[in-house]
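K.L.:
What follows is the residue order along each chain.
2 protein chains.
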Amino acid sequence: MTLTPAQIARFEEDGYLFLPETFTPREVQVLRRELPELFAQERPEVWRERDGKAVRTVFAAHTFNSAFGRLAAHPRLIEPVMELLDGPVYIHQFKINAKAAFDGDVWQWHQDYGTWARDDLMPAPRAMNVALFLEEVSEFNGPLMFIPKSHKCGVFEAGHDLATTSYPLWTLDRATVTRLVAEGGIVAPKGPAGSLLLFHCNLVHASPGNISPWDRTIVYVSACHVDNHIRQFKRPEWIAHRDFTAIQVLADDCLLALADEDASSGQAAE
Amino acid sequence: MTLTPAQIARFEEDGYLFLPETFTPREVQVLRRELPELFAQERPEVWRERDGKAVRTVFAAHTFNSAFGRLAAHPRLIEPVMELLDGPVYIHQFKINAKAAFDGDVWQWHQDYGTWARDDLMPAPRAMNVALFLEEVSEFNGPLMFIPKSHKCGVFEAGHDLATTSYPLWTLDRATVTRLVAEGGIVAPKGPAGSLLLFHCNLVHASPGNISPWDRTIVYVSACHVDNHIRQFKRPEWIAHRDFTAIQVLADDCLLALADEDASSGQAAE
Numbered sequence: 295m296t297l298t299p300a301q302i303a304r305f306e307e308d309g310y311l312f313l314p315e316t317f318t319p320r321e322v323q324v325l326r327r328e329l330p331e332l333f334a335q336e337r338p339e340v341w342r343e344r345d346g347k348a349v350r351t352v353f354a355a356h357t358f359n360s361a362f363g364r365l366a367a368h369p370r371l372i373e374p375v376m377e378l379l380d381g382p383v384y385i386h387q388f389k390i391n392a393k394a395a396f397d398g399d400v401w402q403w404h405q406d407y408g409t410w411a412r413d414d415l416m417p418a419p420r421a422m423n424v425a426l427f428l429e430e431v432s433e434f435n436g437p438l439m440f441i442p443k444s445h446k447c448g449v450f451e452a453g454h455d456l457a458t459t460s461y462p463l464w465t466l467d468r469a470t471v472t473r474l475v476a477e478g479g480i481v482a483p484k485g486p487a488g489s490l491l492l493f494h495c496n497l498v499h500a501s502p503g504n505i506s507p508w509d510r511t512i513v514y515v516s517a518c519h520v521d522n523h524i525r526q527f528k529r530p531e532w533i534a535h536r537d538f539t540a541i542q543v544l545a546d547d548c549l550l551a552l553a554d555e556d557a558s559s560g561q562a563a564e
Numbered sequence: 295m296t297l298t299p300a301q302i303a304r305f306e307e308d309g310y311l312f313l314p315e316t317f318t319p320r321e322v323q324v325l326r327r328e329l330p331e332l333f334a335q336e337r338p339e340v341w342r343e344r345d346g347k348a349v350r351t352v353f354a355a356h357t358f359n360s361a362f363g364r365l366a367a368h369p370r371l372i373e374p375v376m377e378l379l380d381g382p383v384y385i386h387q388f389k390i391n392a393k394a395a396f397d398g399d400v401w402q403w404h405q406d407y408g409t410w411a412r413d414d415l416m417p418a419p420r421a422m423n424v425a426l427f428l429e430e431v432s433e434f435n436g437p438l439m440f441i442p443k444s445h446k447c448g449v450f451e452a453g454h455d456l457a458t459t460s461y462p463l464w465t466l467d468r469a470t471v472t473r474l475v476a477e478g479g480i481v482a483p484k485g486p487a488g489s490l491l492l493f494h495c496n497l498v499h500a501s502p503g504n505i506s507p508w509d510r511t512i513v514y515v516s517a518c519h520v521d522n523h524i525r526q527f528k529r530p531e532w533i534a535h536r537d538f539t540a541i542q543v544l545a546d547d548c549l550l551a552l553a554d555e556d557a558s559s560g561q562a563a564e
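Residue numbers (the numbering used here), protein chains in the order written: chain A, 295 to 564; chain B, 295 to 564.
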């Protein structure tokens, strides 16, 4: 899979690109069936909401789960990123954001690169996110909201919000958000499980809480050009990785192979 | 204005009816210009969010503000309600729900009649809500979410939620919401300022927080058939009214007249 020139132009203009149904239901299922066990683990990588119960984020699952390990090197995820960043990439951050039915809390307005620059001393915004929907994302279950074109203005001033949610975040002030929305509006890409959303690391985004009875699990892979690796190791290595080795992509059927292995060993694949 | 048989049938089937752009921008403006002064008042009727600052709800504004007083007797608001409830009505509750930009908090899943029956001993669900949008309601600023057809099952068990928001509410358990949504889905009617939303007092509804930079002020008039007035006066009279006099509707231009009066007295109408 490679991006068309029109897709690349749209990414550069709007700051994001939505590719619905890039992974099949069967591939998504290979990942989804891992979630209950992952979410049940008590370890620092599994970050919970303010209630201390519902999972907010699982960090670095690609380092301790083989299905997500394969996803982190999947060509349909990584090749478009290499194309947009023009070279080899490593994984700076890997998150499964649960946004659980009824419990999923807000993510405040922020830029990812703002945090990576401030906390991790990543030299330049030569990094980006690719998000994979593990469930359908609708208007009701806390979709990601983007302010189109907001990636063109560099890094905005931000305050370290330690109070709103369980996870500290460098968030933008209201005047800035209001001004950017007046210029660019808000979009919330929606689609079935398996859809892919690529977005620039300076794109301003947020997501509301989820009060619906539908889970909204999204995997976020933050990839960085290998030359642009972070220079400061203040945050835990499972939040900001220190292995700058270029990703070697796997075969296109690497997730399906896992389903088939399980099927042939008698384990239910679906 | 009267409802068509098809509209009445739809209300009875789905539990709600959406009438976009029922009030003109000029009429809406007559109401909106009152909000800053109303929201600034320090009185029990002005209920704030957990932060103690942003206004969550202004109760009973029709009793101390002349523009909202006229709205409470407006034929375009009250006549369809009299038609659906088959007779004269009085105002049981009158709320301006601010759902302020950035600050507006969630309303949990609930039925209004559940509260009116438990707290106020209203004999039967012969009452309903009519909501008027004072700003555009979009997918981004915390729209009202309905579970269609959920009004047909009577009053569900509920727990008194004193923790989630600043306002105590009898809320439905998650299993019930999940089951009802599996049957009826979720809808969130959206439209410009001036739109009207009528809904059954047993319809299960909720609304998410508002993290957008757009306010989402909605006026809710809860009207009750005069024969069905409440029997218990446990809550303050500005939350559950005790004046059961049938509303006498005003002229259709009663809000515009207010705009014209101000214009002729030299006050800016818009």
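Source of the hints: derived by calculation from the structure; they are not laboratory data. Where hints are given, some of them may not hold.
Put simply, identical chains are the same to the list, so a pair is met inside one copy or across any two.
Said to hold, decoys possible - Simulated crosslink set (EDC-like; lysine to aspartate or glutamate; CA at most 20 Å straight-line): (1) 484 to 373; (2) 347 to 467; (3) 484 to 433; (4) 484 to 467; (5) 443 to 430.
K.L.:
Now, for every hint given, state plainly whether the structure supports it.
P.N.:
Consistency of the hints with the structure:
1. 484 to 373: neither (23 Å within a copy, 39 Å between copies)
2. 347 to 467: between (29 Å within a copy, 17 Å between copies)
3. 484 to 433: Classified as both; 7 Å inside a copy, 12 Å across copies.
4. 484 to 467: neither (26 Å within a copy, 27 Å between copies)
5. 443 to 430: Intra 25 Å, inter 23 Å, cutoff 20 Å: neither.
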